[in-house]
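Protein sequence lines, in the order shown, are assigned to chains A and B.
Residues in the first sequence are numbered consecutively from 1, following UniProt numbering.
Residues in the second sequence are numbered consecutively from 1, following UniProt numbering.
These are calculated hints, taken from the structure and not from any lab test.
Every residue gets a Cβ at the ideal spot worked out from N, C-alpha and C, and that includes glycine.
Do not rely on the hints blindly, as some may be mistaken.
Said to hold, decoys possible - Okay, derived cross-link-like pairs now, DSS-like style, lysine-lysine, Cα gap no bigger than 30 Å in a straight line:
1. B:Lys158 <-> A:Lys68
2. B:Lys131 <-> A:Lys68
3. A:Lys130 <-> A:Lys15
4. A:Lys61 <-> B:Lys131
Unchecked claim - Example chain B residues on the side facing chain A (calculated, C-beta under 7 Å, incomplete):
5. Arg11
6. Ala21
7. Ser25
8. Gly33
Claimed, not checked - Sample of chain A residues facing chain B (criterion: CB under 10 Å; computed from the structure):
9. Asp13
10. Arg27
11. Lys68
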Amino acid sequence: MSDSHISPYSLNDLKNTTDDALGNYLRGLHFKQDNSKLDFRLAIGYTAVAIAAVTFVADYKLGWDATKNGTAVAVAAYAVLNGIFTYWMYFVEKGLIFEGSREGRKISLASRTKKHTPTYFLTVTSALDKSRELDCPFTTWFTEDGYFVAKPFQQWLASTVDVIGEADVKSAVKDETDSSQVPEVESNGTPSASGADARSKGTKRSKRKG
Amino acid sequence: MFSSIASLQPRQLAAQVLNFALVLSTAFMLWKGLSVFTNSSSPIVVVLSGSMEPAFERGDLLFLWNRGMDTQVGEIVVYNVRGKDIPIVHRVVRRFGGGSAPLQLLTKGDNNAADDTELYARGQDYLERSKDVVGSVVGYVPFVGYVTILLSEYPWLKTAMLGFMALTVVLQRE
Numbered sequence: 001m002s003d004s005h006i007s008p009y010s011l012n013d014l015k016n017t018t019d020d021a022l023g024n025y026l027r028g029l030h031f032k033q034d035n036s037k038l039d040f041r042l043a044i045g046y047t048a049v050a051i052a053a054v055t056f057v058a059d060y061k062l063g064w065d066a067t068k069n070g071t072a073v074a075v076a077a078y079a080v081l082n083g084i085f086t087y088w089m090y091f092v093e094k095g096l097i098f099e100g101s102r103e104g105r106k107i108s109l110a111s112r113t114k115k116h117t118p119t120y121f122l123t124v125t126s127a128l129d130k131s132r133e134l135d136c137p138f139t140t141w142f143t144e145d146g147y148f149v150a151k152p153f154q155q156w157l158a159s160t161v162d163v164i165g166e167a168d169v170k171s172a173v174k175d176e177t178d179s180s181q182v183p184e185v186e187s188n189g190t191p192s193a194s195g196a197d198a199r200s201k202g203t204k205r206s207k208r209k210g
Numbered sequence: 001m002f003s004s005i006a007s008l009q010p011r012q013l014a015a016q017v018l019n020f021a022l023v024l025s026t027a028f029m030l031w032k033g034l035s036v037f038t039n040s041s042s043p044i045v046v047v048l049s050g051s052m053e054p055a056f057e058r059g060d061l062l063f064l065w066n067r068g069m070d071t072q073v074g075e076i077v078v079y080n081v082r083g084k085d086i087p088i089v090h091r092v093v094r095r096f097g098g099g100s101a102p103l104q105l106l107t108k109g110d111n112n113a114a115d116d117t118e119l120y121a122r123g124q125d126y127l128e129r130s131k132d133v134v135g136s137v138v139g140y141v142p143f144v145g146y147v148t149i150l151l152s153e154y155p156w157l158k159t160a161m162l163g164f165m166a167l168t169v170v171l172q173r174e
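Required output: the full structure, derived from the provided sequences and hints.
In structure tokens form, the structure reads like this:
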């Protein structure tokens, strides 16, 4: 993945690096990403910026009096577009980091973090299971120094999200043979991402590498 | 620091740039919105000289309202000298016209000895309320406007501020 490291104390950096890695991982598994929500947000946003730019140029060239009425209309339009933009960002996109499909199976992933808690909360909505929230401490795939390690992250994803497990069978299966590496998932038959298991395994791993 | 944006997908980079563009355009549109609301081309001005002391000092921030077209003697107005772009803040000392005839005003700075006849353009003896006046002062905040004076006297400050803002908004991913 990335050779650069981030500050392991910055929750923002941890979340963004993990989000980016997730996107790269899924695209690598030939998931076709659906960017329609982001595209809509970009379209609305850049239209609003364009309106502001036109207003600026018109005012610069023609002066205040001539452009008064046009400016009033532009301000109203800008306010409406900005409102739609904000609504879209907070209510429709709501933390969405990846949306796509593979071989007909759709998947939608949104992530969030809680202040002062070093845990990654991932909300999965897919063809195989209804919307549910998984969580896993960042220490599972970040070393003490802030280096991201892809394998445990991919294993967690593949073993807890069925659609990803289908696509990356190797990572999902590895749990059974290499019990020291990954949180115990298959033991009770239900996929779980209990924080406690992962945390103990996680710190062992990072101490080994550190 | 830059590696955080170097590894971005093109759409995500576009989203980061959009964030910065929206900061600028929202600030601009808020200003224009205030202009439309007050009907003034420049609803907030900074006092540049000491001609209105002790009422206003250099660096004071003034809030203007341009919808009161029946300006009275004693009101403080901001006007542009015809042909120049410098706004002047002075008090109205005489009115001509009003009612059916267009309103004309004579102004004088409180701290000046003479009225503004010398300041007006050649051949101009009075201000036209509808054309020359930017607005009348309805409120003020002392000293805050000094930032604007600094920005205009040291233009590199403007570029530096803008550059710093751009850097922080584009590199921040929150």
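- Query: Measuring from the C-beta of Lys68 of chain A to each C-beta in chain B, is the shortest one below 10 Å?
  - Reply: At about 7 Å, which falls below the 10 Å cut-off, the nearest Cβ of chain B leaves the hint on Lys68 of chain A intact, so it holds.
- Message: The hint names Asp13 of chain A as touching chain B; please verify it with the least Cβ-Cβ distance against 10 Å.
- Response: holds (8 Å)
- Would you check the hint for Lys158 of chain B and Lys68 of chain A, treating anything up to 30 Å between C-alpha atoms as holding? holds (27 Å)
- Query: Given Ser25 of chain B was flagged as interface, is its beta-carbon under 7 Å from a beta-carbon of chain A?
  - Reply: Holds - the Cβ of Ser25 of chain B comes within 7 Å of chain A, reaching about 3 Å at its closest.
- Item | Pair hint Lys130 of chain A and Lys15 of chain A, alpha-carbon separation not exceeding 30 Å | Roughly 23 Å separates the two Cα atoms, so the pair holds.
- Does the nearest C-beta of chain A fall within a distance shorter than 7 Å of the C-beta of Gly33 of chain B? This interface hint holds because 4 Å falls under the 7 Å limit.
- Message: Would the hint linking Lys61 of chain A and Lys131 of chain B be met if the CA-CA limit is 30 Å?
- Response: Status holds; Cα separation ~19 Å.
- Does Lys68 of chain A lie within 30 Å of Lys131 of chain B when you go C-alpha to C-alpha? holds (14 Å)
- Query: Going by Cβ atoms only, is Arg11 of chain B closer than 7 Å to chain A?
  - Reply: This hint holds: Arg11 of chain B lies near chain A, its Cβ roughly 6 Å from the closest one there, short of 7 Å.
- Message: Given Ala21 of chain B as an interface hint, is its Cβ closer than 7 Å to any Cβ of chain A?
- Response: holds (5 Å)
- Message: Next item in the hint list is Arg27 of chain A. Is there a CB on chain B closer than 10 Å to its CB?
- Response: Cβ of Arg27 of chain A sits 9 Å from chain B, so the hint holds.
Figure legend: structure checked against the earlier numbered hints; every hint is met.
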